[in-house]
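Q: Once you've looked at the hints, dock chain B against the given chain A.
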Amino acid sequence: MQIYLPIAEMPVSILLLLAMGAAVGFVSGLFGIGGGFLMTPLLIFLGIPPAVAVATQSAQIAASATTGTLSAFRRDALDLKLALVLVGGGFVGTSLGVWFFAAMRRAGQLELVIVLSYVTLFTVLGSLMLAESLREFWSARRGVVRLRRRAGEHPSYLGLPLRVRFPRSRLYSSLIPIVGLALTVGFIGAVLGIGGALIMVPALLYLFRVPTNIVIGTSQFQVLCTALLAVILQATLNGAVDIILALILILGGVFGAQFGAQAGRTLRADLFRFLLAILILAVGLRFLIEVVVRPTEPFSLSIQEIRR
Amino acid sequence: MSARAALLALGALLACSPASAERLVLSLSTNLVAIGSTYTGARLVAFGVIERDGQTASRSGPYDVVVTVQGPREAITVRQKEQLGPIWLNRSQQKFVQVPSFLAVISSRPIDETVSDVMRRRFRLGIPAVVSAPEFTVGRAGEGEQFRDALVRLKGRDRLYFESPRAVTFVTGEFFRAPILLPATAPVGNYDVEVSLLADGIVVARRNASFELVKTGLEEQITEFARDRPVMSGFVAAGMALFFGWLASVVFRRD
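Respectively, the protein sequence lines represent chains A and B.
Residues in the first sequence are numbered consecutively from 1, following this note's numbering.
Residues in the second sequence are numbered consecutively from 309, following this note's numbering.
There could be a bad hint or two in this list.
[Stated by the list, open to error] Using C-beta positions, here's what the derived DEER-type ranges look like:
{"hint": "1", "chain 1": "A", "residue 1": "M1", "chain 2": "B", "residue 2": "F483", "range": "37 to 47 angstroms"}
{"hint": "2", "chain 1": "B", "residue 1": "G547", "chain 2": "A", "residue 2": "L112", "range": "32 to 42 angstroms"}
{"hint": "3", "chain 1": "B", "residue 1": "P418", "chain 2": "A", "residue 2": "F100", "range": "48 to 58 angstroms"}
Please keep in mind that the hints were generated in silico from the structure rather than gathered at the bench.
Bear in mind that the values here come from a model prediction, so they are computed numbers and not experimental data.
C-beta atoms are modelled at their ideal positions from N, C-alpha and C, and glycine is treated no differently.
Excised from the complex, chain B in its bound form:
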């Protein structure tokens, strides 16, 4: 998907700006977020500099920036409860096979104030544009609209999907910073950060970066143990239960 988006971006650059366009330099405050036993979420910052030279076309309005952060993909089933006689049951469902587990869209201004609807959908700017993209579902377009809305709503409730329309701040006219807030429930894995530079209602430059969320220390060892030695870890859990159960009965023994 990112390759296709990059091609589209390239096409747009060629089509829209015959003069040489801006260059975007991007850096994340860290490329590795470590999870330890006291982890309660993380805060990263994406820094960007807009580079212009003598040939760059002059812009009539100010620059705008849209930062899209996508977490590792996951397969999700959305179920809907319906009434059957007097009781409510999960009756219908839709499966989404390639959904970002985390999706944050951080921008300098609300996206609908900066670019047209067509542009938004073409460059997947904003949560509605990302989730209504054809690659998002296996179903036909327009099908299962309520399931898609429910997915965004429920993910939003856990702060796993969110838009921050005014969070990108320009330090100077060419230097900006975008804070990225990862909730503690965001899954481990690789996160893609895509920054789009907008001017005069079009995308003039795009740049990608990524960071990784990993477990470290004891957390990592426990996860590896449970994955690589499953039978052993079952016996350890059972042994632990027996030991503490026995210990409590000895400690509290009255006779």
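So here's chain A without its partners, still in its complex pose:
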């Protein structure tokens, strides 16, 4: 069943879009991330113009994040205080990132910076997490119980000035590293064109030792705020949000996200960290392969404007 998309100006299969929305929504609900890194390449592969793909999938991300946030809110698995600090810092970081993006584009070295940072960030992060996860599995098999955190043991950066209590996250930390993390993630997200939850989730898990279910809920809330802002800005500045495409992706996405959130509830924390590590490493490797392997078609077209 084909439907014509008015802004993307092409017909697509409704069932295919529903399935894509559901699959990405599932991953998004399971890990508390946006899933744009999966959806954007899929949409571009279908032939949808990149500007429309990027703008429209923000609507789908917002929808699955709404489902995820509400589901977390009902189970009290959402640290609103921490989320608001992260959202505030994230907006400032995103603005700085957008400014840096424009400056680098003028300097003409943008793509090299993006490629190198993307590949490095995700492969290194993914490998570290995978190694940690495998060590954990290995010691569990030998019957050695390794505590993830001993009582009274805290990383030193939590003890900087401006300490605030986040009771839901069982976190008593200085605001400085938390705002720093939010700034960094917002900045990287704007420069690399990714939502940033894929970095935020492991950072909260490993650097701040926040419980897994709270990480997912809190990250969902932050993704929701970022995606809503992105939809409104993209529609206002570029007019690139295709409402029909958005509707189909949303319908698939919310149901996928619901099942993802349910699956996440029954998943063991160590297995969750293992799967997250695999996912992040796969994203990094996919990008690495894309830039290292000789392209079959070295040329590409980009249409700037159509005169009617």
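A: Below, chain B without anything else, positioned relative to chain A:
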């Protein structure tokens, strides 16, 4: 460009055929192609009749017809990936500012069998002749050949540029029909159809027509809404996301 081509055609007519030439009558099956929600491309037919009278010079060979369809102009950047150390990056690029978004050349016989190379370039017959015309790029002639080839190749992959060398059929000796296939990805706008009549290796008559590809109904309203009320459409998309996100969490509520 079409004015210049028309002048050239007129010059050729005056130079090549002192006796009165053929007249071409042209009609399209439709002048308006409407895009609705089930649009998956369109098929048009161009009909033509060759009119001769007592003074028309007699031709030794059969007539040939070349139909050139050009879509709305667009600005395109062609980028080329090059190796930098171990990685492949877009390094060089060329901009084309006035390129037809759609280009179809439909003829009764392969064009190189009917007219000379000089004729082809002069009357822009065939895709190679259209894209190597000086008005096609801002760069100097012969510059960026690989970018031009890549443009034609990539457009061809999406069936936006194509040649159908034997698609024009003569119903009788003077009456022909040419099918025009528009892929679903062809952009909305005005399309020019130019029909050239060839005989004895020269262009003896030319005729232009045009049709328009437009969005209708809901498709048109959505496009206008997104263009005229951008802030509003952003809030609608955001509201839709929130509503369906909330709805799903209510529908699936377990407690």
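Q: Confirm or reject each hint.
A: These are the hints, each one checked on the structure:
no.	hint	result
1	M1/A x F483/B: 37 to 47 angstroms	holds, 40 angstroms
2	G547/B x L112/A: 32 to 42 angstroms	holds, 40 angstroms
3	P418/B x F100/A: 48 to 58 angstroms	holds, 54 angstroms
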